[in-house]
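Chemist: Sequence:
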Amino acid sequence: MTFLKTTTIAASLLMSVYGQCQQRSKKLDAPKKLAYTITPVNIKNVKLTDAFWLPIIKKVQEKTIEYAIHKCEEEGRLDNFLIAGKQKEGTVKGQMPFDDTDVYKIIEGASNTLISEPNPKLDKLLDSLISIVKIGQEKDGYLTTWRTINPAKPPAPWVPVIEGKRWESLQISHELYNSGHMIEAAVVHFKATGKRNFLDIAIKNADLLVKTFGDGKDQVHGVPGHQIVETGLVKLYQITNNKAYLNLAKYFLDNRGNPKNHKLYGAYSQDDIPVVQQEEAVGHAVRAVYMYAGMTDIAAIENDEAYYNAVKKIWKNVVTKKMYITGGIGSRPEGEAFGENYELPNLTGYNETCAAIGDVYWNHRLHNISGNSDYFDVIERTLYNGLISGLSLDGKKFFYPNALESDGVYKFNRGECTRQSWFDCSCCPTNLIRFIPSIPGLIYSKTEDTLYVNLYASNTANIALENNNLEISQKTNYPWDGKVTLTVSPKKETPFTIKLRVPSWARNQVLPGDLYSYKNTSTAKTTVSINGKHVAYKEDNGYITITRKWKKGETILLNFPMEVKEVVTNAKVEGNIGKVSLEYGPIVYAIEEIDNPTAFDKIAIDANDTFKVVKEPALLEGVNTIQTKNFKAIPYYSWSNRGVGKMKVWINYEDKKQSK
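With this note's numbering applied, the sequence shown corresponds to residues 67 to 726, in that order.
Derived from the structure by calculation, the hints contain no laboratory data. Hints should not be assumed to be uniformly reliable.
[Claimed, not checked] Distance condition first, Cα-Cα at most 20 Å in a straight line; then the derived PhoX-like pairs of lysine-lysine:
id, residue 1, residue 2
1, Lys585, Lys631
2, Lys463, Lys125
3, Lys382, Lys129
4, Lys129, Lys617
5, Lys615, Lys599
6, Lys558, Lys615
7, Lys277, Lys205
8, Lys257, Lys277
9, Lys618, Lys557
10, Lys277, Lys190
11, Lys477, Lys463
12, Lys599, Lys585
13, Lys257, Lys113
14, Lys110, Lys205
15, Lys187, Lys125
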């Protein structure tokens with residue numbers, strides 16, 4: 067794996083000047099057992115061999131991480147830590163008060179990479195980056211470089227400065243957002259390496275937050291403007307068992323919408339009413355889903371019914387009224403925000419990449435409480451469509467928003483109408499880096515005696531149940547093919563349960579609710595066989611449940627019937643009336659001008675059209691296309707990799723039979 071050249075700050079100069087922090091792990095207290103009833107199988111126990119996901123993950127690991135570190139160097143992200151620590155002279159560099167987090171997210175993604183596969187060179191590089199971060203931390207644990215460098219001159223003009231004090235503009239300063247991403251990254255790095263060099267930085271910062279915020283006379287009363295510190299604090303609590311971190315996370319959530327605690331920020335920051343009273347997704351979409359993830363943590367760990375009821379109501383609102391067919395959320399460019407119910411424009415639809423990532427984190431937590439497959443239906447739709455669309459095929463260009471239509475003119479992508487190599491606000495590229503290497507951790511989850519198979523991708527996994535250890539392997543060409551072979555090899559023959567998710571598209575359901583539906587109901591059924599013998603089954607919460615005394619080497623063959631499906635939208639979404647979109651398996655398709663250069667704007671689907679699925683190994687790194695006599699459609703995630711041009715997900719529909 068190739069990373070930075072020896073000429074870079076991170077790999078050479080800082081290694082020699084500042085050295086490496088090689089503290090090995092001190093034993094931490096055993097974590098408290100959480101109230102989550104289902105536990106994800108750690109990525110270290112899942113060896114991915116998949117022809118779809120493995121190349122994407124390797125692209126991030128081998129290209130995007132290195133590329134992003136170079137960008138962080140060029141734009142002064144690393145210099146800011148050195149300037150803050152007085153190891154280098156200069157003024158703050160960059161344009162955003164949260165530029166520090168780009169470094170943290172790179173460390174987190176690289177740490178997830180180490181969990182999957184040891185890499186001494188990468189391990190050494192991370193020690194170097196962490197040593198740079200440590201230089202920027204103040205003695206009491208404070209860590210936001212722009213304020214340390216010059217509190218009177220924030221990098222962004224929209225950050226108000228009154229007295230230049232810490233925490234004075236929590237609504238917009240991103241000080242707590244910086245802490246949140248730093249803590250999350252440090253926890254993952256500790257899990258990956260056992261080293262405390264980054265964890266100790268995080269603990270020192272978190273201890274400062276615990277001391278600083280609260281209802282005490284000498285404490286700061288306030289909540290973050292941009293949420294994520296809440297989930298960071300929860301994760302730190304989970305590995306240290308220090309309940310002060312959990313209590314502070316709950317304090318921040320409990321006091322949103324509380325005018326007695328602080329001057330409210332309003333609905334944009336989900337700070338207009340208390341979180342347990344919120345029923346609709348409003349405001350900045352990334353802030354929102356990070357907060358909902360934190361609320362779900364509190365619901366599970368504290369067994370808090372009020373929190374749980376609130377997140378379930380908000381989730382239902384998102385999925386049934388505010389989600390794009392690609393899994394994207396947040397329809398308004400203004401405020402990067404959720405719109406009104408059924409406000410889902412295509413050309414101007416925002417669908418920030420960070421919001422898609424945050425939504426996966428949230429839905430994963432909800433599944434870990436309930437085991438309901440609806441949450442993984444959302445995850446799967448998001449993963450294959452509106453999330454990986456944010457990353458180019460070469461791993462070095464990005465979408466910040468993910469529109470569902472392009473006219474080749476409207477500059478929806480922060481000043482461009484195609485992918486960009488970087489952004490002044492680079493939260494999305496580095497968020498992709500932190501998230502994508504963690505994808506193998508979504509495939510399986512478990513209880514004491516039950517294994518959940520949530521996603522389908524070729525892999526071999528070693529899983530410990532309460533009374534048995536087992537190896538399970540998948541072989542599949544999913545998402546291009548619906549056949550999956552699973553081989554189960556328990557260490558001993560004892561009864562246990564395997565639950566196999568039936569994707570919603572194979573159950574004639576696009577998403578829960580009536581926001582989308584298939585124009586025609588498929589009569590094809592999913593089939594299951596064990597050791598070559600057909601098995602009758604009943605679905606349970608979206609899963610096929612099989613309980614038996616499993617023997618070594620037994621095979622399960624799943625066949626999800628795949629056919630081209632036409633999707634229609636609820637008539638309340640005005641922009642999609644008279645239009646359909648196409649799906650094949652979990653993949654949403656789009657038509658792009660480069661494939662359909664003649665009369666692109668007049669392309670329509672007729673009721674009499676027949677669709678042909680064509681495997682094209684040389685196109686867009688290998689895809690299945692959908693073709694008719696009128697057009698060719700490509701997977702939505704792959705669009706805008708061949709230059710500027712028009713694109714549509716929703717295509718005009720004509721029924722010439724009825725018009726006669």
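Chemist: Given the hint that Lys585 pairs with Lys631, test it: the Cα-Cα distance must not exceed 20 Å.
Modeler: Satisfied, since the Cα-Cα distance of roughly 8 Å is no more than 20 Å.
Chemist: Would you check the hint for Lys257 and Lys277, treating anything up to 20 Å between C-alpha atoms as holding?
Modeler: violated (26 Å)
Chemist: Holds or violated: are the alpha carbons of Lys257 and Lys113 at most 20 Å from each other?
Modeler: holds (17 Å)
Chemist: Would you mind confirming whether the straight-line C-alpha gap from Lys618 to Lys557 stays at or under 20 Å?
Modeler: Measuring from Cα to Cα gives roughly 7 Å; hence the hint holds.
Chemist: Within a Cα-Cα threshold of 20 Å, do Lys277 and Lys190 meet the stated pairing?
Modeler: At roughly 33 Å apart (the allowed maximum being 20 Å), Lys190 and Lys277 break the hint.
Chemist: Please work out if Lys477 and Lys463 have their alpha carbons no farther apart than 20 Å.
Modeler: holds (15 Å)
Chemist: Hey, Lys599 versus Lys585, does the alpha-carbon distance stay inside 20 Å?
Modeler: Cα-Cα ~34 Å, so violated.
Chemist: For the pair supplied as a hint, Lys558 and Lys615, is the alpha-carbon distance within the 20 Å limit?
Modeler: With Cα atoms ~9 Å apart, Lys558 and Lys615 stay inside 20 Å; holds.
Chemist: Run the distance test for Lys382 versus Lys129: straight-line Cα separation, threshold 20 Å.
Modeler: Between Lys382 and Lys129 the Cα gap is close to 38 Å, so the pair fails against 20 Å, i.e. violated.
Chemist: Hint check: Lys110 vs Lys205, CA-CA at most 20 Å. Holds or violated?
Modeler: violated (35 Å)
Chemist: Hey, Lys129 versus Lys617, does the alpha-carbon distance stay inside 20 Å?
Modeler: violated (42 Å)
Chemist: Hint check: Lys615 vs Lys599, CA-CA at most 20 Å. Holds or violated?
Modeler: holds (16 Å)
When the structure is compared with the earlier hints, violations turn up for hints 3, 4, 8, 10, 12, 14 and for no others.
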